[in-house]
Amino acid sequence: MIAPDWLREDRLPHIYCTGCGNGSVINCTLAAVEEMGWKRDETAFISGIGCSSRAPGYILTDSLHTTHGRALAFATGVKMARPDFNVVVFTGDGDLAAIGGNHFIHACRRNVDMTVICMNNQIYGMTGGQGSPTTPTGAFSTTTPYGASEPAFDLAELAVAAGANYVARWTSYHVKELTKAITTGMQTPGLAFIEVRTQCPTNFGRHNKLRSIPDMIEYLRGNAMLRVKYDRLVEEGADIPEGTFTIGELVRRRRPAMGVKQ
Amino acid sequence: MQGNAACAEGAIAAGCRFFGGYPITPSTEIAETMARRLPKAGGVFISMEDELASIAAVIGAAWTGTRAMTATSGPGFSLMMENIGYAAMTETPCVIVNIQRGGPSTGQPTRAAQGDMLQCRFGSHGDYSIIALTPNSVQEMFDLTVKAFNLADRFRVPTFLISDETVGHMRERVTIPDSVDIVPPAPLAEGSLPYEAGEDGIPGFAPFGSGRSVHVTGLTHDERGYPDTTDPEAHDRLVRRLVAKVESARHDIADYEVINPDAERVFVTYGPPSRTVAQVMRDHPDESIGHLRFRVVWPFDESALGKFPDAKVFLMPELNMGQMVREVQRHADQPVVPIAKIGGELHTPAELLQALEAHG
Numbered sequence: 001m002i003a004p005d006w007l008r009e010d011r012l013p014h015i016y017c018t019g020c021g022n023g024s025v026i027n028c029t030l031a032a033v034e035e036m037g038w039k040r041d042e043t044a045f046i047s048g049i050g051c052s053s054r055a056p057g058y059i060l061t062d063s064l065h066t067t068h069g070r071a072l073a074f075a076t077g078v079k080m081a082r083p084d085f086n087v088v089v090f091t092g093d094g095d096l097a098a099i100g101g102n103h104f105i106h107a108c109r110r111n112v113d114m115t116v117i118c119m120n121n122q123i124y125g126m127t128g129g130q131g132s133p134t135t136p137t138g139a140f141s142t143t144t145p146y147g148a149s150e151p152a153f154d155l156a157e158l159a160v161a162a163g164a165n166y167v168a169r170w171t172s173y174h175v176k177e178l179t180k181a182i183t184t185g186m187q188t189p190g191l192a193f194i195e196v197r198t199q200c201p202t203n204f205g206r207h208n209k210l211r212s213i214p215d216m217i218e219y220l221r222g223n224a225m226l227r228v229k230y231d232r233l234v235e236e237g238a239d240i241p242e243g244t245f246t247i248g249e250l251v252r253r254r255r256p257a258m259g260v261k262q
Numbered sequence: 001m002q003g004n005a006a007c008a009e010g011a012i013a014a015g016c017r018f019f020g021g022y023p024i025t026p027s028t029e030i031a032e033t034m035a036r037r038l039p040k041a042g043g044v045f046i047s048m049e050d051e052l053a054s055i056a057a058v059i060g061a062a063w064t065g066t067r068a069m070t071a072t073s074g075p076g077f078s079l080m081m082e083n084i085g086y087a088a089m090t091e092t093p094c095v096i097v098n099i100q101r102g103g104p105s106t107g108q109p110t111r112a113a114q115g116d117m118l119q120c121r122f123g124s125h126g127d128y129s130i131i132a133l134t135p136n137s138v139q140e141m142f143d144l145t146v147k148a149f150n151l152a153d154r155f156r157v158p159t160f161l162i163s164d165e166t167v168g169h170m171r172e173r174v175t176i177p178d179s180v181d182i183v184p185p186a187p188l189a190e191g192s193l194p195y196e197a198g199e200d201g202i203p204g205f206a207p208f209g210s211g212r213s214v215h216v217t218g219l220t221h222d223e224r225g226y227p228d229t230t231d232p233e234a235h236d237r238l239v240r241r242l243v244a245k246v247e248s249a250r251h252d253i254a255d256y257e258v259i260n261p262d263a264e265r266v267f268v269t270y271g272p273p274s275r276t277v278a279q280v281m282r283d284h285p286d287e288s289i290g291h292l293r294f295r296v297v298w299p300f301d302e303s304a305l306g307k308f309p310d311a312k313v314f315l316m317p318e319l320n321m322g323q324m325v326r327e328v329q330r331h332a333d334q335p336v337v338p339i340a341k342i343g344g345e346l347h348t349p350a351e352l353l354q355a356l357e358a359h360g
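Residue numbers (the numbering used here), protein chains in the order written: chain V, 1 to 262; chain L, 1 to 360.
Just chain V, with the same shape it has in the complex (with noise of 0.2 Å):
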């Protein structure tokens, strides 16, 4: 078992759904704070509203499970307040780009040091499948009955112009690269963001004929590609399948960065 003692055993079992990818971004995190020899009494989880966001009630620290979409501004505070702290915030493509959206462009521009892991379903969870602001075009939810007719927002890309100091996209089928990534961020001062498609065969599965686990597992993995060959079959002008999304680091860098530990 990865990390256990940052487990709280005594909170399972947990409300995950069979075959959901969130369990998956969790030990990456854990792993990769066990890599970053980080103390309990010196780390905060944070996260907002929705499935995601239960997850710092299942691990053993100071934990902040707070209103929806506003995750990143309580985590500012923590930080600024305690900039020896480790903030990791967890939070979904609901809480972040929806109702989160003006508080994840404005971290992102503060770069303020921390880590924020996005568990992107491209769904609402836990309110039973309504389409979000990630949900591909043509996507079936039960606010989408005839097929998304809204573009999605590319948060990975949204975090890059905004300032963010490291950003990457993986997957929760890429668990080594994604608790590289995890690390890599926690390492990086400023604001890290990692997107994760994560799989939700529950309620974006069952609208998308991926009800099947390893179906929707090889839907994220298929359509994932490294960023590398999706630049290189773009210069050469090659055609690139609907439906891709790139995957791997987007930037690291030395933006000036605010609340890092002296």
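It should be emphasised that the hints constitute simulated quantities derived from the structure, not laboratory data. Note that the structure is a prediction, hence the values are computed from the model and not measured. Warning: the hint list may mix true and false statements.
[What the hints assert, rightly or not] Derived contacts from chain L toward chain V, CB cut-off under 8 Å, selection only:
1. F18
2. V58
3. I59
4. Y86
5. T217
[Said to hold, decoys possible] With a cut-off of at most 20 Å between alpha-carbon atoms, the simulated SDA-like pairs for lysine to any residue come out as follows:
6. K39(V) / S210(L)
7. K209(V) / P136(V)
8. K176(V) / G23(V)
9. K307(L) / Q329(L)
10. K341(L) / R326(L)
11. K209(V) / Q262(V)
12. K39(V) / R212(L)
13. K39(V) / G211(L)
14. K307(L) / Y256(L)
15. K261(V) / R17(L)
16. K245(L) / R154(L)
17. K39(V) / G209(L)
18. K40(L) / Q262(V)
19. K209(V) / S149(V)
20. K39(V) / Q334(L)
21. K312(L) / K245(L)
22. K261(V) / P39(L)
23. K312(L) / E257(L)
24. K307(L) / D255(L)
25. K261(V) / G65(L)
26. K261(V) / E302(L)
27. K39(V) / K341(L)
28. K312(L) / I342(L)
29. K40(L) / V260(V)
30. K261(V) / F45(L)
31. K261(V) / R111(L)
32. K40(L) / M258(V)
33. K176(V) / G19(V)
34. K261(V) / G209(L)
From the three backbone atoms N, C-alpha and C, an ideal C-beta is built for every residue, glycine too.
Chain V is fixed; fit chain L onto it per the hints.
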């Protein structure tokens, strides 16, 4: 010194070392003063992206054991309501200043009002209780801000300084003491659960970093702090405690001024209308006219009305269409007459005299 500046100075004297805010008339001078003063006092000033974020950052800072405050006015106050409920539910000590202006909506940004008296008590969803203080002078902007921090810490509850444009922008002489009494929250006892409270209903506080791994959630939670959202008893036990810890201490928290307790006609005020009443009483010395002025309006201490055993009528000038008058009416056997005024100006002495004559 200006009222808003005195509020900021009071906060710094009280040990406030975090301010998260967003500019809004007529409260902005508080943020400006904090921006100038806090970094030199070893604190953090941060201009957040909106009032939702301001109160969120304040609550986050408060959980590190830092005294934290925000200041706003009506429109921003409305935006803060969701996280005020979160602070109440999670028992986060913090101070929220509202320099009231005319509403609803954008209303009268540069004019005084007392239109948020019920919003500060009931504005967030669900049942909870809070503490609210109402200064009527620049000196009280300083003194009651200090007091607000101590009450917030003692009761682990969001505490409001509910002032208004008149007092916020008023300039008066202020005495700033060399030091003020700072009463920190009671620490979480060894062996106690994070949300386990004794008879006073107030759990000990274990801020982040104290090694207690506290889980803080706005969901209904048990004494461990763990979500328990479907058990009716868990919810009943928690929410009744949140309300009772404040309401049962209302006589203790109470702060009011009694003038002419034998009076038959009694003005009941809070905030700047008390200044007009004082003027009337200076101009027309008469022991049959009394004055009850609340410095703490919530929790409402109904026993204050009993300080006027001969009262035949209570007269309530408010800068709204009648808000606190409802609370007084609820508790008084005598008639309670609202003297409502809106538009941004204080009552004139003549208006109050007219009310006195009408009930003479």
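To see whether the hints hold, each was checked on the structure:
no.	hint	in the structure
1	F18	5 Å, holds
2	V58	6 Å, holds
3	I59	6 Å, holds
4	Y86	5 Å, holds
5	T217	4 Å, holds
6	K39(V) / S210(L)	12 Å, holds
7	K209(V) / P136(V)	14 Å, holds
8	K176(V) / G23(V)	14 Å, holds
9	K307(L) / Q329(L)	16 Å, holds
10	K341(L) / R326(L)	15 Å, holds
11	K209(V) / Q262(V)	51 Å, violated
12	K39(V) / R212(L)	13 Å, holds
13	K39(V) / G211(L)	10 Å, holds
14	K307(L) / Y256(L)	11 Å, holds
15	K261(V) / R17(L)	18 Å, holds
16	K245(L) / R154(L)	10 Å, holds
17	K39(V) / G209(L)	10 Å, holds
18	K40(L) / Q262(V)	18 Å, holds
19	K209(V) / S149(V)	18 Å, holds
20	K39(V) / Q334(L)	63 Å, violated
21	K312(L) / K245(L)	33 Å, violated
22	K261(V) / P39(L)	17 Å, holds
23	K312(L) / E257(L)	19 Å, holds
24	K307(L) / D255(L)	13 Å, holds
25	K261(V) / G65(L)	18 Å, holds
26	K261(V) / E302(L)	50 Å, violated
27	K39(V) / K341(L)	58 Å, violated
28	K312(L) / I342(L)	26 Å, violated
29	K40(L) / V260(V)	19 Å, holds
30	K261(V) / F45(L)	17 Å, holds
31	K261(V) / R111(L)	44 Å, violated
32	K40(L) / M258(V)	18 Å, holds
33	K176(V) / G19(V)	19 Å, holds
34	K261(V) / G209(L)	15 Å, holds
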